[in-house]
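**Student:** So the chains spell out like this:
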Amino acid sequence: QKEVEQDPGPLSVPEGAIVSLNCTYSNSAFQYFMWYRQYSRKGPELLMYTYSSGNKEDGRFTAQVDKSSKYISLFIRDSQPSDSATYLCAMSEGGGADGLTFGKGTHLIIQP
Amino acid sequence: NAGVMQNPRHLVRRRGQEARLRCSPMKGHSHVYWYRQLPEEGLKFMVYLQKENIIDESGMPKERFSAEFPKEGPSILRIQQVVRGDSAAYFCASSPDYLQETQYFGPGTRLLVL
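In order, the protein sequence lines correspond to chains B and S. Here the first sequence stands for residues 1 to 112, where the numbers follow my numbering. Here the second sequence stands for residues 1001 to 1114, where the numbers follow my numbering.
Chain S extracted, bound-state conformation (with noise of 0.2 Å):
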């Protein structure tokens, strides 16, 4: 049973470039769930997405930063414009409908911003 998949792993942009970060959740998972987590910080909650829906972006950077979880294919968190502060690693979770509060995360992505 494949876990969480993220693509890439690992990201490089120069400053104003767009960025876009895959996320295929684990099989029967309909939730899912993007984290940042920069240097010597904790993991941040940023959205919560299922088909089609954005539950809950209370997390999210109000500019620049957007998420989609399409009825076909991986989530995407998008960044447009990057910028340096926008170096961190991005992971993925996902859960299940029966345990929801359970979530399983991906090897995450890491951004770097030149």
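Bound-form chain B, shown alone (with noise of 0.2 Å):
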């Protein structure tokens, strides 16, 4: 079983929609958790940072972590054809800074 899953897509859905991207995971140890967006042939751009269980909400942006379920997800309010882009989550056990692992990530496409 990999350690962080995420469903590759593509997801597309129509301009205005609210959108849901979700990822599982295994490790319990992992504490801290960010959601990145990545576009084609750039670097991922920090989107979303929540430690431990709970929601945080930025503007459109609302992520949501379960630990209970090892479960985190990311919604997108009024989705615009500029959201379209690949998103990451990612993981870290904390303690110090370390290396983060992520998911594959979800290829999202808004329709005009």
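In short, the hints are calculated from the structure, not lab data. Any given hint might turn out to be false.
Stated by the list, open to error - Facing chain S, a subset of chain B residues (Cβ under 8 Å, in silico):
no.	residue
1	43
2	47
3	104
The C-beta atom is built at its ideal place from N, Cα and C for all residues, glycine as well.
Two chains, two separate frames, one set of hints: put the complex together.
**Tutor:** As structure tokens, this is what we get:
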């Protein structure tokens, strides 16, 4: 079983829809959870950062972490064509800086 | 405030040559990480460095790969005697002392080995 599972998609939705992106993981020691957005042939861009379980909102983006289910989500409201990209979840055990463990990414397409 | 800088952006090498990839972290960041992204694969952690110290190289291949972050100048990822399987995008990230888990990525170096 891979450490972090993420559906590669592509996920195609119409403009204005609510998008739900998810990851599951197996390592119960993960405490820090991040979502990155990566446009084609660019570097990943940090979108959201969450510690432990709970919700965090930033503009049109909401991140949720359920550590009991080892499940994290990113919601995008009022999706725009410019949101079309690959979304990567990442996580770490923390306790000092360490390397992030990434999912393979979900390719999202927002149809105008 | 300049972000993480990487150069070159594209690098072509023939099998057996050496590849040197450079990374300058964001201003005020003292933690540097290197990741590799193979086609159709996710980002894989390679090494974590602070100034003049390798903290964690658990993701680094044991042979041909090395990394450094000298007191002055950028961090360097060196690949000796490159093989075709080394063709990938190599990303550098940096983080600040006060929030080490938030890593900010550079644009990457795309290495092609012929």
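**Student:** Does each hint hold? Answer for all of them.
**Tutor:** Hints, one by one, checked against the model:
no. : hint : result
1   : 43   : holds, 4 Å
2   : 47   : violated, 11 Å
3   : 104  : holds, 4 Å
Figure legend: structure checked against the earlier numbered hints; the only hint not met is number 2.
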